[in-house]
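Quick note, the sequences are listed as chains A, B, C and D, same order.
All residue numbers for the first sequence refer to this note's numbering, where the first residue is 1 and numbers rise by one.
All residue numbers for the second sequence refer to this note's numbering, where the first residue is 1 and numbers rise by one.
All residue numbers for the third sequence refer to this note's numbering, where the first residue is 1 and numbers rise by one.
All residue numbers for the fourth sequence refer to this note's numbering, where the first residue is 1 and numbers rise by one.
Worth flagging that the hints you see were computed from the coordinates, not collected in a lab.
A portion of the hints provided could be inaccurate.
[Said to hold, decoys possible] EDC-like, lysine to aspartate or glutamate: derived pairs with alpha carbons at most 20 Å apart:
(1) C:K409 with B:E74
(2) C:K303 with A:E124
(3) B:K324 with B:D77
(4) B:K324 with B:E142
(5) B:K186 with A:E124
(6) D:K6 with A:D87
(7) B:K334 with B:D289
(8) C:K303 with B:E126
(9) C:K409 with B:D77
(10) B:K243 with B:D166
(11) A:K15 with C:D64
(12) C:K249 with D:D65
(13) C:K303 with B:D166
(14) B:K324 with B:E233
[Claimed, not checked] Derived coverage of chain D by chain A (criterion: at least 3 residues anywhere in the stretch with Cβ under 8 Å from a Cβ of chain A; other residues may be distant):
(15) 2 to 14
(16) 24 to 32
(17) 47 to 56
[As the list claims (entries may be wrong)] Pair ranges (Cβ atoms, derived):
(18) C:P219 with B:R69: 54 to 60 Å
(19) A:E124 with C:F258: 41 to 47 Å
(20) C:P219 with A:F42: 42 to 48 Å
Small disclaimer: the values here were computed from a predicted structure and weren't measured.
Glycine included, each C-beta is placed from N, C-alpha and C at the ideal position.
So you can see what is in the structure, the chains are spelled out below.
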Amino acid sequence: MAAHTAAHAAPRFNKLALNRLGLWLFMLSETMIFIILLVTRFVLFGTGMPEGIEVDQLLGLVITILLLASSISAYRAETAMAHGNRDAFQRNMLLTIIMGTVFLLAVVAWEWPLAPHHGLHLQEGFGIVFFAMTGMHAFHVLTGVLMLIIVYLNGRNGAYSPESYWGVEATVKYWHFVDLVWVFFYPALYLLN
Amino acid sequence: MRKLALPLALTVILSVVAVMWVQRATLTAAPAAAEAAAVDSLLRLEFYILAVFFVLCMVFFLYSLWAFRRRAGETGDGAHFHSHTGLEIAWTVVPVIIVVAMGYHGARVIADLKAVDVPKSADDLEVIVTGQQWSWTFEYPEQGVATTDLVLPSGRSVYFRLRAVDVIHSFWVPEFRLKMDTIPGKENVLRLTPNQVGEFKVRCAELCGTRHAYMESPVRVLEAADFQAWMDEEVKIANDPTKAGPKVAGQFGCIGCHSIDGSKLVGPTWKGLAGHDVSLADGSTVTADDDYLRESIVDPSAAIVEGYADNVMPRDFATRMTEKQIADVIAYIKTLK
Amino acid sequence: MRLFSYGLVRALVYGVIGLVAGMAVTMAVRAALGLAAWAAAPVSATGSIVGTLTFLWGVGAFTDWWSWARGAHAAEPPHHHRDGPEWPRYLNFDPNHRIIGVQYTVTSVIVMLTGGLLALTFRLELAQPGMQIMTTDTYNYLMSAHGIIMIAAILMGVGGMANFLIPMMIGAPDMAFPRVNALSYWIAVPGLIMVVSSLFTGGFDTGWTGYPPLGVKAPLGAQFFYLGVFVVGLSSIIGSVNYIVTIIKMRAPGMTWFRMPIFVWGMFATALIQLIATQFIGMAFLMVVLERLLGMGFFDPAKGGDVVLFQHIFWFYSHPAVYVFILPGLGVISELLPVFVRKPLFGYKWVALSSMFIALVGFLVWAHHMFATGLGMVLNNAFMVTTLLVAVPTGVKFFSWLATLWGGKITFETPMLFVLGSWVIFLIGGLSGPTNAFIATDLYVHDTYFVVAHFHHTMFGGFVFPFFAAIYYWFPKATGRMYSERLGKIHFWLMLVGFHLMTIAMFWIGLHGMRRRIADYDPTQGFGPWQTVTTTGAYLVGIGVTIFVINMIRSARRGEVAVPNPWRSMSPEWQLPSPPPDGNFETPPEVIGDPYDYGLAGASYVRVAAPSAAGH
Amino acid sequence: MDLQSKLAGKFRLGWIVAGGLTLLTLVEYWVATAVTGNLPYILVIAILKAWLILKYFMHISQVWDEEGEH
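Chain A with its partners taken away, still in its complex shape (with noise of 0.2 Å):
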């Protein structure tokens, strides 16, 4: 069934350029969501921080950190795998799903509970804007986690090549989105004053 298509599609379009045009605009659309969620927090609470709100700056800091490394260690997966190293694949992307599962359960198990502590409450004030971009933006971490761990297990049965990445190059591209979201989000949720 597939021969019938193949002969003549497969030579007209370059798949790949087509996935990478899809993905983008994709990712396009999704930075809508995070600008709907920064244009509420800024509307509500204007440029500033309200009154009696003390989020834990260490945390928020430690955790960017975070983030931003394992969006090193993923860069260097999918270099690697272009390169044919599947060794420092392999490992690079081992060390990008820790981090990031590191990073959701920072936030969910361990930031959340403290939350209140700190003048942050679901249902009223600036603990609205907080826990619905926190939460939205540790879906997209948890999404972009369980992707890592497919590619990360579809790697180790030698699903890619330097010829052919797709999958690798997709979900770290995923990855990159989920961190320059919160490029925006950790300063609008714990440095502006």
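Model the placement of chains B, C and D on the given structure of chain A, informed by the hints.
This is chains B, C and D only, laid out in the frame that chain A set:
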């Protein structure tokens, strides 16, 4: 080009007819405020322009369908022409000019009305309008009067402060033309000058739930002197505890459930209540002093009188009633020995 | 079980199982946390989300991805060549764009009939003042559901036209991502089911706009409405990614941007809007659901929220969304006119770019829905001017269409009648727009029947009539059979007359103060007779649509076999057999001329290798 | 140049970008604690960081220059 003569002539003739019709037609509800004149004339101007465009397009459209229909036996295709840059530029630029000119005019009209987004001026009559599901209340803060009918003087500008208790409503008297939403957590303002004596209705224009269709309150526009007389009477009532209390109690429906003659209705009677001991459903006994009465109005579930059910009385009187109205009711209850 | 070989049946069964399982798990978790196990809102919310996923699993949407995730290489885009009847393909997860197009279109018609039935029901109530056959709550539920169901139907119709036409028109074998394409259709189905089920789970009385705080207080049905729209929105977004990539990357050799069929331009503009704006309604509704479920006070002033913020987010989608509804329709008008006039489309580039300009300006006008919320004069005036600017590109389209008619050899088959009808209806819709754009007059006509009539004119002229035109026009392409011309014409005239009866009365009473969205109206205002006229018109439209459905069903089964190119069109899709084989073109077609060179001797648009006679 | 030394070059580039990002983050943190009314500075820093990630990690230029080769 000869083909253009007939449609052009028809366009001119029918445009004149359409414009004349627009000029004569009663396009809107009968006006009753000074602002209506400007709104209506802008509307009519828009309709003149629309009528001409409509006639122009329809004449050429119908003419083309008739003149360029395929006749029996014809087989060929139409004339082959692609485009005409001059024409395209013309019908881009001309609308742009109309849009800019009309945009300027539209901005002037709403600015000159000084009806929305303006500060209160000294001689405005101030009225606080509160929308709640599904009724309106009107307060005249300078006079200390609150009503459920909107009574206004003719010929004086009225500064409405629009508030909402529960959901979004929209304050609209069609005869006054301009409407404005009442929004929880936000105060909107609207300044109108009623100039026709008569009876109208304020109609909620924003979907607000079950009885939205019936969220209408009477509006009476009176001559200035009549208004003053009405207001004097209201002020007198408001300052007389024996009269203000009964009025508020009627306005908010209290006496539907609380009798004033000792008979037992859905709620405890008011007769002989104040100052006496009340036994509650939880077995305790309290004295019905001012604090107890106030608490029973604003938080009816706090203390349930023995033999009566909870969850019958609305819990939103704290937001619907002014402090003065609550005090009036308490004062009234105290008169019912 | 043979029944289980149909994806739809499997999907429904799996969906119900997922719904029940999701609800059970939620209840178990609640009980474990020490809460009351049953709470309708959270339990049904998680249940419907799980049900949506299992529905997709049941239909087979995840089969290939699941095997990919497990490490197996998924097959290439599976273009099935099956023996036996073709119709089971329409009930399955099938990645072929033509099948998906028909699936979308049929779904659209079914959903539209549902929404129409609701309208006919409450129209009966409105025919006279006073409440006769229903409560005000029932009216509110029907009216609200009518709005959103019709919008969902329109989105499905847009998806139908886009899927069926884009690949054939640009000479591509299929969409860029066939599996994603099928997913975008199938994910909409549970969304639609959720939206419709809102009527049976308590209804919602907020209108389709779902404004909080009313939306937060509304019955449980509102939750299904919000979640359903969210899911349908996902479908829109993934669909639009596919359209854009396909249009940018997969055009036939020689097909430059200004040699694309004009409908593709309309779809390109539409897809850009869908891609960027749809997230806004999704997030706005998600935030209300979070407020309902978890008490997060985004829009509750007592908790630090802002009521008007919702409207900004909501209209940032919902205004551009009306261009999503009309741009494909206007594309159909531009596409069909030259064929029936036998003359090139006048000012092709201007018509194409005007679609892009409308899409762009569409993002800058949202707050004209909010003049009555007290935005302040600066914003008011800015949005008034941007709104008026929409008239310019729309005017370019209208005048170009007039110039296309001029000097042609016009014939009046059913598709052409619908095109001409939509021209008239959309003209009135467009001309009634500025009244809502000027602040002073908008503060008068806002939330009246004038707006209702204006909106129905833009929707009927911009979508419904062109959609019917498209269905009649491409019916032979999809089925290989011809529809009944006589029934088609009866359908057209009933709709045209009925629709105008309906809206002219609406315009008139709207100007005289008839509020919209009210179950009952003050008899002293004298609107009763006009409302009766409106109801009569609505029923004529209903009869017309019934005839359409009969015509379609009969013709698809027993219609006369269509000739290969019944409209003598130059467009690539008509150079293919009907229905076209999977993969469309044996070899890529080559574009050698302009798309609408009718009337030029020897002109040709595409060169297509002689199609195999068998088709498939 | 063989594949592995190319890879070493790419890795080095990665470290440089990462260093830049870390530095910017620390500057951002310092601005937050030391400057009041810090929105404009923080916005500039965030945009810089975003640009680094888009350009060097996500290869955004592929969208318009390349016809899709790995």
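Checked hints:
A hinted pair counts as satisfied when its Cα atoms are at most 20 Å apart, and K409 (chain C) with E74 (chain B) qualifies at roughly 8 Å. At most 20 Å may separate the alpha-carbon atoms for a hinted pair to count; K303 (chain C) and E124 (chain A) meet this at roughly 5 Å. At roughly 83 Å between alpha-carbon atoms, K324 (chain B) and D77 (chain B) are farther apart than 20 Å, so this suggested pair is violated. This hinted pair checks out: K324 (chain B) and E142 (chain B) have alpha carbons roughly 13 Å apart, not beyond 20 Å.
Taken as a hint, the K186 (chain B) and E124 (chain A) pair is honoured in the structure, with Cα atoms around 18 Å apart against an allowance of 20 Å. Pair hint K6 (chain D) plus D87 (chain A) holds up; C-alpha atoms about 16 Å apart against a cutoff of 20 Å. Restraint check for K334 (chain B) and D289 (chain B): satisfied, since their Cα atoms lie roughly 9 Å apart, inside the 20 Å limit. Taking the CA atoms of K303 (chain C) and E126 (chain B), the gap is near 29 Å; set against the 20 Å cutoff, the hint is violated.
Restraint check for K409 (chain C) and D77 (chain B): satisfied, since their Cα atoms lie roughly 6 Å apart, inside the 20 Å limit. About 30 Å separates the Cα atoms of K243 (chain B) and D166 (chain B), which puts this hinted pair outside 20 Å; it is violated. Between the alpha carbons of K15 (chain A) and D64 (chain C) the distance comes to roughly 17 Å, so the proposed pair stays at or under 20 Å and holds. Simply put, K249 (chain C) and D65 (chain D) have alpha-carbon atoms about 14 Å apart, close enough for the 20 Å limit, and the pair holds.
At roughly 14 Å between alpha-carbon atoms, K303 (chain C) and D166 (chain B) fall within 20 Å of each other, so this suggested pair holds. About 17 Å separates the Cα atoms of K324 (chain B) and E233 (chain B), which keeps this hinted pair within 20 Å; it holds. Residues of the region 2 to 14 of chain D with a Cβ under 8 Å from some Cβ of chain A number 7, which satisfies the need for three, so the listed coverage holds. With 5 residues carrying a beta carbon less than 8 Å from a beta carbon of chain A, the region 24 to 32 of chain D meets the three-residue requirement, and the given coverage holds.
Only residues whose C-beta sits within less than 8 Å of a C-beta in chain A count toward coverage, and the region 47 to 56 of chain D has 5 of them, enough to reach three; the restraint holds. For P219 (chain C) paired with R69 (chain B), a C-beta distance near 55 Å keeps the hint of 54 to 60 Å intact. Hint check: E124 (chain A) to F258 (chain C), Cβ distance near 55 Å, so the stated range 41 to 47 Å is violated. Distance hint check: the CB atoms of P219 (chain C) and F42 (chain A) are about 33 Å apart, inconsistent with the given range 42 to 48 Å.
Violated hints, in rising order: 3, 8, 10, 19, 20; the structure is consistent with all others.
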